[in-house]
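Protein sequence lines correspond, in order, to chains A and B.
966 is the number of the first residue of the first sequence in our numbering; add one for each residue after it.
20 is the number of the first residue of the second sequence in our numbering; add one for each residue after it.
Treat the hints loosely; a few may be bogus.
Said to hold, decoys possible - Chain B regions said to be covered by chain A (calculated; three or more residues, Cβ under 8 Å): (1) 30-43; (2) 46-56; (3) 67-73; (4) 78-91.
To be verified - Computed list of chain B residues with no C-beta within reach of chain A, every gap over 10 Å: (5) Asn24; (6) Pro25; (7) Asp27; (8) Asp59.
What the hints assert, rightly or not - Calculated pairs, DSS-like style, for lysine-lysine (alpha carbon to alpha carbon, straight line, at most 25 Å): (9) A:Lys1453 - B:Lys60; (10) B:Lys30 - A:Lys1364; (11) A:Lys1453 - B:Lys33; (12) B:Lys29 - A:Lys1364; (13) A:Lys1456 - B:Lys33; (14) B:Lys30 - A:Lys1453; (15) A:Lys1285 - B:Lys90; (16) A:Lys1364 - B:Lys33; (17) A:Lys1102 - A:Lys1456; (18) B:Lys81 - A:Lys1294; (19) B:Lys29 - A:Lys1285.
Bear in mind the hints are in silico, worked out from the structure with no lab data behind them.
Heads up, the beta-carbon is just placed ideally off N, CA and C, and yes, glycines get one too.
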Amino acid sequence: MINLPPAAIFILGAFLIPFLKGRAKQAYLLLIPVIAFTDLIYMQEGMHFVYKFLDYNLIFARVDKLSMVFGYVFVIMAFAGILYALHVKNDGEHMASFFYIGSSLGAVFAGDLFTLFIFWEIMAFSSVFLIWYQKEKAALDAGFRYILVHIFGGLCLLGGIILHLANTGSIEFGLTEYGSLASYLILIGFILNAAVPPLSAWLSDAYPEATVTGAVFLTAYTTKTAVYVLARAFPGVEILVWLGAVMAVYGVIYAVLENDIRRLLAYHIISQVGYMVAGVGIGTTLAINGSSAHAFCHILYKALLFMGAGAVIYMTGKRKLTELGGVYKTMPITLILYMVGGFSISAVPLFSGFVSKSMVVAASAESHLSLAWLMLVLASSGTFLHTGLKLPYFTFFAKDSGIRAKEPPLNMLLGMGFLAFLCIFIGVYPAVLYNILPYPAEFVPYTGQHISETLQILLFTALGFFLLLRHLAGTPTISLDTDWFYRKGAKAFVWFINNPIANFSKLTEKIFFDKIPSSLARFVRYPGEVERRSPVGTAVLLATIFLLIYFIIFIRR
Amino acid sequence: MNIENPDDIKKLRKLFYASLILAVAIDFLVRREHVAFFWDKLHGFSAVYGFISCILIIVVSKVIGHKWLVKEEDYYD
């Protein structure tokens, strides 16, 4: 039995938020994910909520193991994120996050391409408010760029869906044959949301500008929904292996240059999603399990990291490594909780990343993809280097910046504590995660060989970090990404319109409506008195000229 | 233990070096269960590869950054 599609619980639930006050509102906000989780538990496999629309079936709840993994983690994440944002007074922000969570769930459980597309668009248009509510000019600008890029991605997807419908006559969303124009367009729409370079700059551009609490939601849903749809439609498409491996390295290369703490973490989202995309590309049961498991763990620890960085920004008002330092003295709990996330993303044994990332890496070994393996392992060194060492070192230790900020409010600490607990719980007891994966999992993460390899990589990465410590401090700079093309491109375009095009237009106007008529008029009507020419005479003259030109063209044809 | 005390920092550093040696030493004792690539059999390979990866990421990134990517903060304004 199933009561409501999980998406509806959040989307309908959002409308009640403005009518509640104080404690009642807080209780209500936390209750919604609990209801949604219960709803998920009672869902049975199969297609539910099928509605006829024209000649097509719209399916709002396609329940199978793959959609359930993402459904569970989306709802767990919703609870943690809402708890962290409980102190926020702005109803609009709560509603935006509810619409965003709801539409992400809608996309994951969509059984047809129309439903998927509708929820895909709601995701983009609700999430942008989590950026705009930050209200500074940088956030407004970044939000506009974010939405424009997503509109482009959405249009690619829509174009692909229409072509797919024209080719196959079906709007069913499932395994899609790769190779037609329709599949390329759908793939572009998907990988844009997965932040695959060069379509990734929207993420590192916009996420760090979002509100402290909004950014936490952003890290979880858009990219992971994209991983889900890729796993659903394009498992085993080889190009994804290489796109994923490049992503993994791309993110850690950029993170070296980054000074803004949340932008550094944003580049690590790109890097981590690279593992999932590569896993989808490998396409074996181990790899798809690995991508799903890694998406699950990643949502939890990346949100925890953004919460930790957000807590520092919220309490200190600073967001750059060059402005921070020595914060550990007054924010030790934040530091410890952040480090749980840092160890999880770095795949330290007993933390969640260790049991999920290793599945993808093992899948690449199982399929004998040596280059992909080397790239993924290289990136995992970079992950620890930045998220586990550089960011906490320069934020919480290093020089004393003189900042004496207090710990964040209790609800923020509780949200972080909840996720930190899950990160360790999954790391210690991976069966809880393995049992819900799409395929039966026979993977054993805790082998002597695997632990030994991981510890060596981590410890010797730390050695490299301490040797090069002097070169790793943040610098007050920014680094260019592919958003350069549209940020500078837009400026160039506006300049092009304002100068050459506008001048040309003025020039032609002058020539055709002033210079030529007046000089011709001189011969025809009032020789020597050009300035007093009659507009009617000019118009007649122009008409005559154009008719003459038509006549000549007509004769010559 | 106070991480701002130079003596304690020295102790921590020694502990860190000891753990590096220990990690490589243990690798010689560990049984190999999965050998997909030739380097899986080499003892201490992960240590070398981890170190090289770390240095490579930093150096490559700094070089690319200096040449093209790094700009002043008001670059887009």
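Structure-based check of each hint:
Restraint check on the region 30-43 of chain B versus chain A: 5 residues with Cβ-Cβ distances below 8 Å, three needed, restraint holds. Here the region 46-56 of chain B counts 8 residues with a CB under 8 Å from a CB of chain A, which clears the bar of 3, and the coverage holds. Note: the region 67-73 of chain B has 6 residues with beta-carbon separation from chain A under 8 Å; the three-residue rule is met and the coverage holds. Given as covered by chain A, the region 78-91 of chain B passes the check, having 10 residues with a CB less than 8 Å from a CB of that chain where 3 are the minimum.
Distance check on Asn24 (chain B): its Cβ is at least 14 Å (rounded) from any Cβ of chain A, clearing the 10 Å threshold; non-interface status holds. No Cβ of chain A comes within 10 Å of the Cβ of Pro25 (chain B); the nearest lies about 15 Å off, and the non-interface call holds. No Cβ of chain A approaches the Cβ of Asp27 (chain B) within 10 Å, the least distance being about 13 Å, so the stated non-interface status holds. For Asp59 (chain B), the shortest C-beta to C-beta distance to chain A comes to about 8 Å, within the 10 Å cut-off, and the non-interface label is violated.
Restraint check for Lys1453 (chain A) and Lys60 (chain B): not satisfied, since their Cα atoms lie roughly 50 Å apart, outside the 25 Å limit. Between Lys30 (chain B) and Lys1364 (chain A), the direct Cα distance comes to roughly 20 Å. Compliance with the 25 Å bound is thereby established for this hinted pair. With a C-alpha separation of about 50 Å, the suggested pairing of Lys1453 (chain A) with Lys33 (chain B) is violated against the 25 Å cut-off. Proposed proximity of Lys29 (chain B) and Lys1364 (chain A) is supported: the alpha carbons are some 18 Å apart, at most 25 Å.
Between Lys1456 (chain A) and Lys33 (chain B), the direct Cα distance comes to roughly 55 Å. Violation of the 25 Å bound is thereby established for this hinted pair. At most 25 Å may separate the alpha-carbon atoms for a hinted pair to count; Lys30 (chain B) and Lys1453 (chain A) exceed this at roughly 51 Å. About 16 Å separates the Cα atoms of Lys1285 (chain A) and Lys90 (chain B), which keeps this hinted pair within 25 Å; it holds. For a cut-off of 25 Å, the pair hint linking Lys1364 (chain A) to Lys33 (chain B) stands: about 22 Å separates their Cα positions.
Taking the CA atoms of Lys1102 (chain A) and Lys1456 (chain A), the gap is near 17 Å; set against the 25 Å cutoff, the hint holds. For the given pair, Lys81 (chain B) sits about 31 Å from Lys1294 (chain A) by alpha-carbon distance, which is inconsistent with the 25 Å threshold. Using a Cα cut-off of 25 Å, the hinted pair Lys29 (chain B) and Lys1285 (chain A) is violated, with the two alpha carbons roughly 29 Å apart.
In this structure, the hints that do not hold are numbers 8, 9, 11, 13, 14, 18, 19, in rising order.
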